[in-house]
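Engineer: Based on the sequences and whatever the hints tell you, model everything.
Taken in sequence, the protein lines are chains A and B. Start counting the first sequence at 1; every next residue gets the next number (this note's numbering). Start counting the second sequence at 1; every next residue gets the next number (this note's numbering).
Keep in mind the hints are simulated off the structure, nothing from the lab. For every residue, glycine included, the Cβ atom is placed at its ideal position computed from N, Cα and C. Honestly, I wouldn't trust all of these hints.
Claimed, not checked - Subject to a maximum C-alpha distance of 30 Å in a straight line, what follows is the list of computed DSSO-like cross-link-like pairs (lysine-lysine): (1) B:Lys183 / A:Lys210; (2) A:Lys93 / A:Lys129; (3) A:Lys261 / B:Lys151.
Said to hold, decoys possible - Label-pair ranges, simulated between beta-carbon atoms: (4) A:Phe218 / B:Arg115: 37 to 47 Å; (5) A:Glu117 / B:Arg148: 30 to 40 Å; (6) B:Arg689 / A:Lys15: 50 to 60 Å; (7) A:Asp243 / B:Arg194: 39 to 49 Å; (8) A:Arg103 / B:Gln270: 47 to 57 Å; (9) A:Arg161 / B:Asp199: 43 to 53 Å; (10) B:Gln300 / A:Glu117: 32 to 42 Å; (11) A:Glu117 / B:Val220: 42 to 52 Å.
What the hints assert, rightly or not - To be clear about the criterion: a stretch of chain B counts as covered by chain A if any three or more of its residues have a C-beta under 8 Å from a C-beta of chain A, and this derived list gives those stretches: (12) 137–144; (13) 157–166; (14) 191–203; (15) 208–222.
Residue strings, one per chain:
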Amino acid sequence: MTNPFDIPGQRDPLKPLNPVTDAHHDDLFIDVDNTKQAFEEFQSILDTDYAFERGGAMAIAVGDRQFGKTALLNRCAYWMQREIKARATAARKKTTAHIIDLRFLAGDVPAALTAPERVNTVCHHLMKKLHDSRHLAQPWQDEGQREANLVLPYLADKLTRDAVLIVMLPPTADVIDELVVYANLIPKRVVMLAETSFVGRLEEYSARLKRAATVPVFLRLGVLRPEDGEKFFNQRRDRHASDRSIAEAAPEVLRWLVTVKPTSVGELQQVLYGLYDDVLRRRSPAQQLTRDLIADFYISRTRFGGDQ
Amino acid sequence: MNDRRPPPRFSDINPFPPTAVAQVSHIGAETVTIQTAAIRTAVAELQDYLASPGAGRVLAIVGNYGTGKSHLAVYLLNTARQIAGETVQQLFVNAPYGNFVSLYRAFAESLADRRELVMARVRHFYADVVADSMAGSELHAEIASKLRAGKADPVAVVEALGLPESGLIEEVQQRLRDITENKAFGTALTLLLRHGFEDAVWEWLVGNDPAENLRERGIVDPTTMSERSALDAMSVFAVLFRGGRFRFMVVIDELDHLLSASNRPHGEVQIALKQLLEGFLSAGAFLVLAGLPDFLESLQSDVRARITRQVTMAPLTAQDAVSYIRARQQSELGADRLFPFSEGVVSYIVDISGGSPRDVIRLCYQLYRRAADQDGAVTDAMVRVVARDAFYGPNTEATHRDIRRTLTAHGLTSGAKNFVDGVPVDYWIPIGSRGAAITVLVNDAVLDDSQLTTLISYVSRLRGAANREVLVVIGGYLSPEYTDRLREVLQRDPIIYEKRGFAADFDAALSGVERRLDRVDAADPAAALLARLERLGQQQSNTLDIVLDLAGRVESLATSSDQRIAELSRQFETVPLLIGGLRTDAGSAAPPPAGQLPERVTAVFDDAINALSIDTRLSTLFRQMFDDNAEAASARRLVTATLRQQRAHTATGVVTLLRLLTDSFRRAVTDWYATAETDEHGRLLGKHRQRFDAIIRVFDTFMGFLYVYEASWLADQLAGGEDARQGTLDHSIRATRLLQGQDELGGLSGRVRTEVLSDFASDAPG
Numbered sequence: 001m002t003n004p005f006d007i008p009g010q011r012d013p014l015k016p017l018n019p020v021t022d023a024h025h026d027d028l029f030i031d032v033d034n035t036k037q038a039f040e041e042f043q044s045i046l047d048t049d050y051a052f053e054r055g056g057a058m059a060i061a062v063g064d065r066q067f068g069k070t071a072l073l074n075r076c077a078y079w080m081q082r083e084i085k086a087r088a089t090a091a092r093k094k095t096t097a098h099i100i101d102l103r104f105l106a107g108d109v110p111a112a113l114t115a116p117e118r119v120n121t122v123c124h125h126l127m128k129k130l131h132d133s134r135h136l137a138q139p140w141q142d143e144g145q146r147e148a149n150l151v152l153p154y155l156a157d158k159l160t161r162d163a164v165l166i167v168m169l170p171p172t173a174d175v176i177d178e179l180v181v182y183a184n185l186i187p188k189r190v191v192m193l194a195e196t197s198f199v200g201r202l203e204e205y206s207a208r209l210k211r212a213a214t215v216p217v218f219l220r221l222g223v224l225r226p227e228d229g230e231k232f233f234n235q236r237r238d239r240h241a242s243d244r245s246i247a248e249a250a251p252e253v254l255r256w257l258v259t260v261k262p263t264s265v266g267e268l269q270q271v272l273y274g275l276y277d278d279v280l281r282r283r284s285p286a287q288q289l290t291r292d293l294i295a296d297f298y299i300s301r302t303r304f305g306g307d308q
Numbered sequence: 001m002n003d004r005r006p007p008p009r010f011s012d013i014n015p016f017p018p019t020a021v022a023q024v025s026h027i028g029a030e031t032v033t034i035q036t037a038a039i040r041t042a043v044a045e046l047q048d049y050l051a052s053p054g055a056g057r058v059l060a061i062v063g064n065y066g067t068g069k070s071h072l073a074v075y076l077l078n079t080a081r082q083i084a085g086e087t088v089q090q091l092f093v094n095a096p097y098g099n100f101v102s103l104y105r106a107f108a109e110s111l112a113d114r115r116e117l118v119m120a121r122v123r124h125f126y127a128d129v130v131a132d133s134m135a136g137s138e139l140h141a142e143i144a145s146k147l148r149a150g151k152a153d154p155v156a157v158v159e160a161l162g163l164p165e166s167g168l169i170e171e172v173q174q175r176l177r178d179i180t181e182n183k184a185f186g187t188a189l190t191l192l193l194r195h196g197f198e199d200a201v202w203e204w205l206v207g208n209d210p211a212e213n214l215r216e217r218g219i220v221d222p223t224t225m226s227e228r229s230a231l232d233a234m235s236v237f238a239v240l241f242r243g244g245r246f247r248f249m250v251v252i253d254e255l256d257h258l259l260s261a262s263n264r265p266h267g268e269v270q271i272a273l274k275q276l277l278e279g280f281l282s283a284g285a286f287l288v289l290a291g292l293p294d295f296l297e298s299l300q301s302d303v304r305a306r307i308t309r310q311v312t313m314a315p316l317t318a319q320d321a322v323s324y325i326r327a328r329q330q331s332e333l334g335a336d337r338l339f340p341f342s343e344g345v346v347s348y349i350v351d352i353s354g355g356s357p358r359d360v361i362r363l364c365y366q367l368y369r370r371a372a373d374q375d376g377a378v379t380d381a382m383v384r385v386v387a388r389d390a391f392y393g394p395n396t397e398a399t400h401r402d403i404r405r406t407l408t409a410h411g412l413t414s415g416a417k418n419f420v421d422g423v424p425v426d427y428w429i430p431i432g433s434r435g436a437a438i439t440v441l442v443n444d445a446v447l448d449d450s451q452l453t454t455l456i457s458y459v460s461r462l463r464g465a466a467n468r469e470v471l472v473v474i475g476g477y478l479s480p481e482y483t484d485r486l487r488e489v490l491q492r493d494p495i496i497y498e499k500r501g502f503a504a505d506f507d508a509a510l511s512g513v514e515r516r517l518d519r520v521d522a523a524d525p526a527a528a529l530l531a532r533l534e535r536l537g538q539q540q541s542n543t544l545d546i547v548l549d550l551a552g553r554v555e556s557l558a559t560s561s562d563q564r565i566a567e568l569s570r571q572f573e574t575v576p577l578l579i580g581g582l583r584t585d586a587g588s589a590a591p592p593p594a595g596q597l598p599e600r601v602t603a604v605f606d607d608a609i610n611a612l613s614i615d616t617r618l619s620t621l622f623r624q625m626f627d628d629n630a631e632a633a634s635a636r637r638l639v640t641a642t643l644r645q646q647r648a649h650t651a652t653g654v655v656t657l658l659r660l661l662t663d664s665f666r667r668a669v670t671d672w673y674a675t676a677e678t679d680e681h682g683r684l685l686g687k688h689r690q691r692f693d694a695i696i697r698v699f700d701t702f703m704g705f706l707y708v709y710e711a712s713w714l715a716d717q718l719a720g721g722e723d724a725r726q727g728t729l730d731h732s733i734r735a736t737r738l739l740q741g742q743d744e745l746g747g748l749s750g751r752v753r754t755e756v757l758s759d760f761a762s763d764a765p766g
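Structural biologist: What follows is the structure in structure tokens.
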């Protein structure tokens, strides 16, 4: 029996899907919660006739941890890169979108740094990456330059002629001033994809973001709807339709699982993957996913603080 | 009691402590506490508090110097720990001189030393929030109850279950803001849950300006912006510790440093104080406020009404002292006996010490030693000698210094010791031109009738002349009865020397008699005016001297700052050499084998050695003497003034002996520590423990032979040059420093013992 919640080609099944690095992942997205709507909102960036010639663009994925922000942005970047290429081909242009993923910087820009320190560090690495991957028309001269506002506004003029950038920013801290800074500095031919888990704080900034030079598109993600549990389960299960050894879910058990308390898509994936992993390891694997089985699983997973 | 008992023997160990100044770290299970009524009341209040959940208490402990306030406070902390164990969180704060901002700083710094207490509370809130987010979920019921009971770490749970961390932490922040009613505190405390903010948050909590990353989060003002904000901040902590299974106990000692009849806080501070006490009460905390009686008088009645119980430290009775002596000999020597004291002697000791526990204990220590030297029981005569020589003696110096200062400030001059009408007077101060004069008699403690009779006869003789005023200064204890009898002949109160407040008392008395004599002299107004003018001129020139001297100092400071920096760095280099040199035998600079001792123990030794810092001061002075500048002259003056007194020579000897003894003690402890063996539980083996106790005993015995206060006197004398012109406030600081120096040495063996033994597992009880 296989674990239907395993992600092909990905060692850690709890990591966000990423079609940019593995195109197969594009088929694994499931329309739960608000993801479909959020994705469509993102697509509207290209529908209006920006074409990145007049200005930049920005999207901010908003939702708590495990709500699927990173996976959604991966999907957006993948889609946009292909869409730009398709449109360029149709228009006989050479425009190419390059994805610059700066999320590896998360550890270098901890929350304890001030917002300007974070922005400047990110910007420095952006320039270094562009230089190294030869997306700049001229070699980057001022390596010591750390002030984002002296670099970002002039970036469009320094890019190679047909380049468009999709920049994936590290997640924000609880202070999200940096989003306002980026929204004001994004040059044309650059799309910035940001994410924040501080939903409450974002409201305090919404007025300033709406007045920014580039008004960001908000991609809001929430907890699962009652029907999402079953939908998620079935789509994963159906990918192994012929495998009879996979335990089926008892009626209503998934609806119960996602409504017993507000549940995120990440939590659901984590629980289901763990459950099937558990089932697989047993000498006599269960035939059905029941409430009791799930309850047992929770008890075994929540033995914090001893008394086993 | 029993005439046929074997003749009692003296022990090598003096069962009494040389000093009796309570310090938190030094009071352990072995400390003997005299169960007076005050202590019983306070303990009953504490027991009641611990037994009844909910309401908090504010206990005020008031009493004069040395009446055992701090001892009681520490005793309460220990008792609470014995009853309630780890569930009671405790904080001891010594109120500094200053205002409530300084108090908050002291409070927050003690708290910063125990950050885990605050962290545990913040995590507790986080655990509650996480548990609430699982409310109603049968799947999470178990983990939720573990979180609420403090048995599961919320950070780990959130991580393992992939819970929405950011929203949960935002909720914690909201709750902390609500309960503390303080947005900045809510934010700061929540940040403790985030990685990388701990230091910044604590910097702000202890009163510093907020760092930039805190400003970004809306924390813009320091907690110590005003007295009000500092008191508010203290209330926040009381609230933070409310609830849960923990009780919070805070002792604020020496509150009279902040609050006194003359230092009455203004309205806004009184309101904040009231809120602080209310905060502690509603938070279910136990707050102990200890200080001199007049700290209570400085509080508005509505603030005082928040004090749930007040305990006044009464003087010891003779019976209390008898019990103490017995208990002390029982605990130290294993013999429940009163010898070498007798009930009569004890009641005399209590009488002349005014029942002050600190003084009783000091006298017992000295008397035990003297009785052992003479191999006989303590007698009344012995008590008198010891009380005068060893106990009140050192005060006379300070008394005279204060008197001279006050006279100078009044523009008055005095002849040296004179005989007036056959009476030896200490100061003879002529007022006006008609022979009017103030005479001042300075006496040690008046301990028996014959001394009192002599003093009364002197006063009567001096008061024979109409234009003469007599002031009597008593350098030690004067019983209320003697005070009354003296007042009858003197027509005013004798002035009792106390470390704090004497200068002010003497100043007031002097002004009073001066005015009266001026009136007597006013029969000839012109002459009186002339005399007044002359005095005014004298006063001005004294002031001018000080101003000129200060100006000179400022100038030399400004012009030679470079030289001074070089000089300073040279002095710093010399210090370790001096200390190091005394630690080793042949004066070699090789460090002693201290590396083998735990750092804390080494620190205790170093503190003791440095306590008096006489070498450094002396060598600096000697070096300065040979320079060619203004400082050289004042250094020469100070050295002359010191060396002219034979006492200085004795004191230097005492310093050397102290050094050598301490050094050998340190060496013995180090050697012992290197070879000490433990059982498999890490407990010291019996014979090694005995050996250690023997080393401590030897040190204590020989320490008992040394007049530590002579060394303190010398240190004080040498410090005199540094701050002689800074007035009386400075004097009290110096007196404190002096006492600290004595305590540092007097309590050395106790601290070494505590620190060394804490390194080993203790014997498991039962």
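Engineer: Each of the hints needs a verdict: does it hold here or not?
Structural biologist: Structure-based check of all given hints:
1. Taking the CA atoms of lysine 183 (chain B) and lysine 210 (chain A), the gap is near 27 Å; set against the 30 Å cutoff, the hint holds.
2. Between lysine 93 (chain A) and lysine 129 (chain A), the direct Cα distance comes to roughly 25 Å. Compliance with the 30 Å bound is thereby established for this hinted pair.
3. Taken as a hint, the lysine 261 (chain A) and lysine 151 (chain B) pair is honoured in the structure, with Cα atoms around 22 Å apart against an allowance of 30 Å.
4. A C-beta distance of roughly 39 Å is found between phenylalanine 218 (chain A) and arginine 115 (chain B), which places it inside the suggested range of 37 to 47 Å.
5. At roughly 39 Å, the beta carbons of glutamate 117 (chain A) and arginine 148 (chain B) sit within the given window of 30 to 40 Å.
6. A hinted range of 50 to 60 Å for the beta carbons of arginine 689 (chain B) and lysine 15 (chain A) is consistent with their spacing of about 59 Å.
7. A beta carbon spacing of about 44 Å between aspartate 243 (chain A) and arginine 194 (chain B) agrees with the range 39 to 49 Å that was offered as a hint.
8. Restraint check, arginine 103 (chain A) to glutamine 270 (chain B): a C-beta distance of roughly 56 Å satisfies the suggested window 47 to 57 Å.
9. Taking 43 to 53 Å as the suggested C-beta distance range, the pair arginine 161 (chain A) and aspartate 199 (chain B) conforms, at roughly 49 Å.
10. A C-beta distance of roughly 49 Å is found between glutamine 300 (chain B) and glutamate 117 (chain A), which places it outside the suggested range of 32 to 42 Å.
11. For glutamate 117 (chain A) and valine 220 (chain B), the Cβ-Cβ distance of about 19 Å falls outside the hinted range of 42 to 52 Å, so the restraint is violated.
12. Coverage of the segment 137–144 of chain B by chain A holds in this model, with 6 residues showing a Cβ closer than 8 Å to a Cβ of that chain against a need of three.
13. As drawn, the segment 157–166 of chain B meets chain A at 8 residues by the rule of a beta-carbon pair under 8 Å; at three or more, the given contact holds.
14. For the segment 191–203 of chain B, the stated coverage by chain A is satisfied: 5 residues place a CB nearer than 8 Å to a CB of that chain, which reaches the threshold of 3.
15. Judged by the Cβ-Cβ criterion of 8 Å, the segment 208–222 of chain B is covered by chain A as claimed, because 4 of its residues qualify and three suffice.
Violated hints, listed in ascending order, are 10 and 11; each of the other numbered hints is respected by the structure.
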